[in-house]
Structures are given as structure tokens and as C-alpha cells.
Amino acid sequence: MTTARTETAAVVELAGVGAAYGPTTVLRDVDLALHGGQITGLLGANGAGKSTLIKVLSGLKPEHPGAVRVDGADVALSSPVQAGRLGVATVHQNVADGVVPGLSVAENLLLDELAGGAARRVVTRGDTLRRARPVLATLGLDWSDAVLRADAGDLAISDAQLLVLARVLHRRPRLLILDEPTSTLTAREASRLFDLLRTLRDDGLAIVYVSHRFGEVESLADRVVVLRDGTVKLDVTRDAPTFDWAAILRAMLGREIELDLARRAVRRGDGTPAATVRGVALLPDAPPVDLDVRRGEVLAVLGLIGAGKTELAETLAGARPVAGDGTLTLAGRPYAPRDPAAAIAAGVVLVPEDRRAQGLFPGWTLARNVSAPFLAELSRWAGVLSRRAEAGRAAQVIAALDVRGPGPHALVDELSGGNQQKVVVGRWLGAAPALIVLDEPFRGVDLGARRDIAAAVGELAHGGAAAVVCTSDVDEALEVADRVVVLVEGRVSLDAYIDEVSHDDVVAAFLGQPGAQG
Amino acid sequence: MRDRLFAVVVRWGFVAVTVLLVVYFAATEPNFRDADSIFSMLKYAAPTGIAGLGVMMAMTIGGIDLSVGAAAGFAVSMAAWTMVVGNQVGGVAVGVVLLGGALIGALNALLVVVARIPDLLATLTTMFVIMGLKLIIVDGRSISSRMTLDDGTTAPGRFTEGFLWLDRGEIGPVPVPLILFVLLTIILWFVLEHTRYGRALYAVGANPDAARLVGIRVQLYRTLAYVSCGVLASVAGLLLAARIGQGDVSAGNSLLLDAVAVALVGVSVLGIGRPNAWGTALGAVLIAVMVSGFTMKGLPYYTQDFGKGMVLLVALLLSFTLSRRRTVVTAGSLKA
Numbered sequence: 001m002t003t004a005r006t007e008t009a010a011v012v013e014l015a016g017v018g019a020a021y022g023p024t025t026v027l028r029d030v031d032l033a034l035h036g037g038q039i040t041g042l043l044g045a046n047g048a049g050k051s052t053l054i055k056v057l058s059g060l061k062p063e064h065p066g067a068v069r070v071d072g073a074d075v076a077l078s079s080p081v082q083a084g085r086l087g088v089a090t091v092h093q094n095v096a097d098g099v100v101p102g103l104s105v106a107e108n109l110l111l112d113e114l115a116g117g118a119a120r121r122v123v124t125r126g127d128t129l130r131r132a133r134p135v136l137a138t139l140g141l142d143w144s145d146a147v148l149r150a151d152a153g154d155l156a157i158s159d160a161q162l163l164v165l166a167r168v169l170h171r172r173p174r175l176l177i178l179d180e181p182t183s184t185l186t187a188r189e190a191s192r193l194f195d196l197l198r199t200l201r202d203d204g205l206a207i208v209y210v211s212h213r214f215g216e217v218e219s220l221a222d223r224v225v226v227l228r229d230g231t232v233k234l235d236v237t238r239d240a241p242t243f244d245w246a247a248i249l250r251a252m253l254g255r256e257i258e259l260d261l262a263r264r265a266v267r268r269g270d271g272t273p274a275a276t277v278r279g280v281a282l283l284p285d286a287p288p289v290d291l292d293v294r295r296g297e298v299l300a301v302l303g304l305i306g307a308g309k310t311e312l313a314e315t316l317a318g319a320r321p322v323a324g325d326g327t328l329t330l331a332g333r334p335y336a337p338r339d340p341a342a343a344i345a346a347g348v349v350l351v352p353e354d355r356r357a358q359g360l361f362p363g364w365t366l367a368r369n370v371s372a373p374f375l376a377e378l379s380r381w382a383g384v385l386s387r388r389a390e391a392g393r394a395a396q397v398i399a400a401l402d403v404r405g406p407g408p409h410a411l412v413d414e415l416s417g418g419n420q421q422k423v424v425v426g427r428w429l430g431a432a433p434a435l436i437v438l439d440e441p442f443r444g445v446d447l448g449a450r451r452d453i454a455a456a457v458g459e460l461a462h463g464g465a466a467a468v469v470c471t472s473d474v475d476e477a478l479e480v481a482d483r484v485v486v487l488v489e490g491r492v493s494l495d496a497y498i499d500e501v502s503h504d505d506v507v508a509a510f511l512g513q514p515g516a517q518g
Numbered sequence: 001m002r003d004r005l006f007a008v009v010v011r012w013g014f015v016a017v018t019v020l021l022v023v024y025f026a027a028t029e030p031n032f033r034d035a036d037s038i039f040s041m042l043k044y045a046a047p048t049g050i051a052g053l054g055v056m057m058a059m060t061i062g063g064i065d066l067s068v069g070a071a072a073g074f075a076v077s078m079a080a081w082t083m084v085v086g087n088q089v090g091g092v093a094v095g096v097v098l099l100g101g102a103l104i105g106a107l108n109a110l111l112v113v114v115a116r117i118p119d120l121l122a123t124l125t126t127m128f129v130i131m132g133l134k135l136i137i138v139d140g141r142s143i144s145s146r147m148t149l150d151d152g153t154t155a156p157g158r159f160t161e162g163f164l165w166l167d168r169g170e171i172g173p174v175p176v177p178l179i180l181f182v183l184l185t186i187i188l189w190f191v192l193e194h195t196r197y198g199r200a201l202y203a204v205g206a207n208p209d210a211a212r213l214v215g216i217r218v219q220l221y222r223t224l225a226y227v228s229c230g231v232l233a234s235v236a237g238l239l240l241a242a243r244i245g246q247g248d249v250s251a252g253n254s255l256l257l258d259a260v261a262v263a264l265v266g267v268s269v270l271g272i273g274r275p276n277a278w279g280t281a282l283g284a285v286l287i288a289v290m291v292s293g294f295t296m297k298g299l300p301y302y303t304q305d306f307g308k309g310m311v312l313l314v315a316l317l318l319s320f321t322l323s324r325r326r327t328v329v330t331a332g333s334l335k336a
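Those protein sequences? They're chains A and B, same order as listed. Quick note: the first sequence, position 30, residue 30 per the working numbering, numbers continuous. Quick note: the second sequence, position 47, residue 47 per the working numbering, numbers continuous.
Quick caveat, the hints were computed from the structure, so don't treat them as lab data. Only a predicted model underlies this, so the values are computations on that prediction, with no experimental measurement involved. The hints are all genuine.
Sample of chain A residues at the chain B side, in silico, Cβ under 7 Å:
1. 340
2. 341
3. 344
4. 350
5. 352
6. 361
7. 372
8. 375
9. 379
10. 383
11. 384
Ideal Cβ positions, reconstructed from N, Cα and C, are used throughout, including at glycine.
The shape of chain A in the complex, shown without the other chains (with noise of 0.2 Å):
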């Protein structure tokens, strides 16, 4: 192994960077210093500016504050290919994105020399399997002219991973970034990228690890630095066999977040429950789950992207069929949505994972988005619409959520994220549903809005409804909820009153690993 070489000149370095969208400033003063040979575990909470440095040092956001060096010398990283130029390589989170389905494995692989116009302007196959396959050794690889000749969108998502990276390395960067790159892989294909992430380590190459997952970052990284709104909080070489996780963790989630815990009060439902589930497999190969969701309390189900949270959603709101026997009741009754329309009428709503491509109309009112859901219920004769009944709507959820925008009749795409939020929330307050589930209701929502929205579903789940809050944030579900149920690819980890478990029962729960504690 080797320990983190501190004393060579960095790679590349970042000094007093900033980044901001529009008035929100998502990364302040960042100073970094990323050295060859050393791998770098980059960590911080959903919304402290990870994704934003990445894109920073992926030439995606090439308009910022502050300096950017390559090799001690100044440079504008103001393109993708520019910092491809400089050696400063990125995998992104969505392996999928980096491969052109339609094109063949080995087209795929000479991409670069495709899009870079150096291609010849004839290419025999023969010729471009000949020259892919030196792209394919520098990971080693040796795959079959088959493969070679199949199409890229085939693949299986761990084998288009290797075919990115291989691509990738094949330019010779001198900084590798890896934004989540297991969160698709099975446990097999992530022991192999980390065994080939250490090879190339001990060959020279600076590396950035963004993770969820503290026992990978523990197994692989030489050096920890922890995110949090937008600034660096901690910075830590490896000086023992383990990292100090109890430091990491203050340094992510931040003392006062824990302070509020304690003082908030836990409510317990009358414990009859609201829907069951049963023998319902949430992910193709896990098995099948056993879940209770009671009346009168916020349950939160936390999870990892792809532990199976929106698929728990989407099946209680009759977005998608039952997977295998399995079977749902609510209210003590059989319950078998065919569709969202079915789940909506027996009193099931859902709050969708993607905001803008789920559960926002475009270029529509705020008025107009809240009365989607209620057409009927707000149409007199023949489905003529009220108008007058449609701003009722629509004021009695700005009342009610404090929804900060110029009115009703404002396009809804004028609002911030968190207003808009409060509108897909809102528009189901009116309904007096059994059962909202919410799925990933924080993401990019501001703190103030966050707490409305979830003073409102509390407010909701504690008067005799119930309420399932999908999230990946510990500390969002120990925030907004009354139960947890971890859940870790497609398994309940964990199910608990949260004034029963620790903070760190949750967190070891959530991670599946219970070792990376420290």
C-alpha cells in the first residue's frame, strides 16, 4: 500500500474556488489539492456540492471563482474536451450516458477518435476492431471480436462501466474521477474495479472517489474530504488502519442537526395499519418483503439509490403492477391498484421521485398544477370547470404551505424548486388522502421549504392518515419521521421507532456495513 505523497506537486489544484446558480451559492472558497498517486474519497450529504465540483473539475461549470492549476501552472477548465486535454478524466454517476447505443463495442471504444476528427474518413471494421483492442488493453481486457461487434446498448451495465473506463484511461489522464461508480455494480464487479483502482493508484494516477458507501471509501481511499454546503469541512490523510468515521460523520451532517433530534418529539399511531405489504420482491433478485405502514405516523423508508425505495413507492401508488405473489391491503382490505387512477380513488397518493419530469405540468399555472388531480371533483355540468373553485384550490395551498411566488396564476416554472415542490405536495392536501407517499421530496429543496413540507405531511400523517417518506438522507428520515425502515438493496435492514435506535444504528443499518463504523 501506499500512503498519501503530500510533499510532490499536485496533479491538480483548486484555490478559493466558488459556484453558484443563478442567487444560490453551492460552493464557497473550495482549496484542494489532488496528488498523483493517491486516492481521494470526496463524501458530503445530498445538496453539500459534490456534483458541482465535479463538474468544475470536468470543465462543466467553467464559469467560477477562484483558480484552477494543472501542474503548478493557471488554466481554464471551460470545456469537457479542455479538461480532457489537461489529463483530468470523469466517470460519470450515470454509466449509461457514456455509451452510444446503435454503435458497436468497438465504435464505441474509439469514440474519441470518432468525435475528435482525427478518425480516418474510411474505417473498415477490421480495421476498427484492430484499433480498439489497444484501447481494451489498457485495462487489461481481452474481449472477444463477438463482443467487439455487438451493440453497445447490450451490455451489461458493470461491462459498458469497463468500456467507459477503458476509454477513458485510454487518453492518459492524469486525474480520474469516479462519481458513484458501484451504484450499479454487484458486490463481484465492484471488488474488481477496486482491485484495477489500486493499480492504477500505485501507477501514478490521482484519483477521486465520490461515494455513498463509507466502506468502500474506507477500503479504498488514502485520504478523506467531506463537503458541506459547498465548503470543505474536513480534510484527512490515513494515518491509522481506519479512518475516524465518528469525525467524518460530524464533519458531513453537522452537530446541530443532532441536537434538534433529541428534542423532537416521536408520535406512535393508534398501530392499526394503514397498508400492508406482503411477500412483494422490490428488486428483480432480492426477496420478497413483509411491510406495515401505520395510521397516524411518518414512516421513512432510507435507502441507498437502488435499494428498491421508489420501486416500494410507485408499487403502493399503482404506478407499477405488484412484482410476483406478492400482495398489499390498505385499510385492512385487499388492495390491487391496475393504475395511479385506482390508487388515487381508493385514497393513495403519490409525491414522484423526479419533480420536473414526474410531477410537474410545464409551462402551466400554479393554480392549473394543483388542480390537476381534482378535474372531476372541480367541473360542474357536462365537465365545465370552475374557475373560481380551481384559485380556491390553488390559495388554500399557498395558505397552507406558504408557497413564496408572485400568485396562482404565476407559470409554475417561474418558482424555485422548493416552491414548486410545495406545489406537487400541496395539490394533494386538498384531497384528504389515507395514504402520500412521498419519494425523494427534499432533493433540491431549500431548508425552509423542506421544513413546511414536512410539517404538512406530518400534520396530515398525525391527524389519521399515514404518511411513507422515501429517502436517501439519514438525516432527512430521522428529521421528518416517527418510524424508519432501512432498507439495503431490496432488504429491510432495519425497523424502528426512531427514539429507540441511535443515530449510528441508523447510520451502520444504512450503509449494510456495519464494519465501516470504525
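Got chain A sorted already, so can you dock chain B onto it with the hints?
Chain B only, in chain A's frame:
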């Protein structure tokens, strides 16, 4: 201030152009001032406008229908065939044609909604199938009253007076096609703007995933949009058949481009930015004014398509290129 001005130009520019053209033609061409010629011009716009309303319906759910021209042509031949060969009265022909239009729409819905073929390709296929089916039914010939059939006998029926009234009739001074056109525009405007059905159609067009998750039956509304498009196309075909007075096999062929153009112009005309009935109607009127005005001015007929193309280009620039800038400007001015 400049933003306001720009918004006004986007919103009323097309209307202003139409009015200016009308004033110009009226000032320079005495014939154009004549009430009869104005009515006949608007009457001429009716089939295009009604087929355009059909395309508009398909566009509300985010789709498109390229089979409107073929559906109208099918309607022309079916109306003629029912009356001339089938020896039925006009009312029966109208019923047969409307049913046929609904079936064509249902076929489109089947391909797009159930078979999940992209709308452009599905309706293009329907266009070919329907055009071909029409030729098979009429043996590739135009059908006229009292024509000689294959076996040497004379066809039993003819275009009835009642049917021809669809084109030649007048209520007061207003021709029947124009009345039908205005009536359909008002009905569709009301349905789209003021009923939950219209709102649901627009919701499916704006964001089908969100629509499904708020409980709107997306498949049902997609089907509804295509079926109503088929019916409107067949109404356009009925008016064409009554105008020509025979089952011309080539009728309706040129209708597709005009109808799609009119619906697209309709999106931008009033700065509404989504398919809408009044915009579509206004687009049809604008094109009719242009065509008849410039024809009176002596421009040859073959320059018409170029003119229509330019109108469409301006409309698309207004609704895609310029209005995108407009939204940015609005958001910026809000923050300030």
C-alpha cells in the same frame, strides 16, 4: 418596456398581418371588398380549417396526425360511393363518412397507443393504408352521378340535393361550410379551455408521466384525440365532396400539408404557445386571405405553396425560437 413590446408583437403580430393584408387587398382590388367574395373566401378556408382543427386535437396530447389528408380523401370517395353506387340519401352518406373517420382515428390510436409506434410513423402508415383502401373500393376511379359501371349499367344513385346543400346552402347570407367551421371552432375552444376533458388532453400533452400520476387516464385521452381528429378530417372531406360534386380520387391529397401548417400556425398566432382552436381557425383564414388576395393580384397558383411555407416558417420561429427567449426574459425581469 421592450419586453412588453416584444410580447405584444408575438401575441398580435399574426392578427395584425392578416388585418393589414385584408386592408391592402380591399384597397387595391374592388372584387375583394365584395361581401360575396369575402364569404366565398372564408368558405374556401373551411375544409382546411376543419382538418386543421383535427390536427390540433392530435397535437393537444403531444401527438401529430399525418393521415388527415388521406382520411378526408377517403371521406370524399366514401360519400360518393354511398350515394352513387349504394343509392343512398345524403344523410346516410354523412353517417357512413363520419363513422369511417372515427374508425380511421381508432386505427391511429391502436397503432400509437396500443402498439406504441411513434405517432409520425404510425399516422404516415395509416395515410398509405387509407389512400390505398380508397382506391381499391372505388376501383381507382372518380365516382360521379349516373356514371357507367363496369358491367355497362348506369349507376343507380347520384349526389343528392341535400348533400350538395353542405356546400351550396346558405343560412341568411352565410354559407353553410363557414357556419360549420365557426361552430366547430367555438365548440372545440370551449371544450379545450373550459372543460375538464380539454384540461386532461393538455395535461397529457404537457407531461404524460405527471398526468398518469395525478390519475388522468392517459391512454383514453390519447385515443380520444386521434378519434376526434379522424372525425374532423372526415367532416372536411364531406365539405370537399359537396364542393366538387363528385368522388374525385385525388381530392384531399393537398389537404395534409395545409392542415398541419394551419395547426402549427395556430400554436403561435395568438402567442398562446399551445395548440388552440381560435389560433388554428385564424391560421386557416390568414392562408385563405393570402391565397385569394394574391390570386386576384395575378400571382400564378404555383407560387402559393411558397407563400404558405413562408407563413409557416415565421410561425415556427415565433413559437419555438423567439418565445423561448421570451420566457427567459420574463424570468429575469421577475428576479430584478
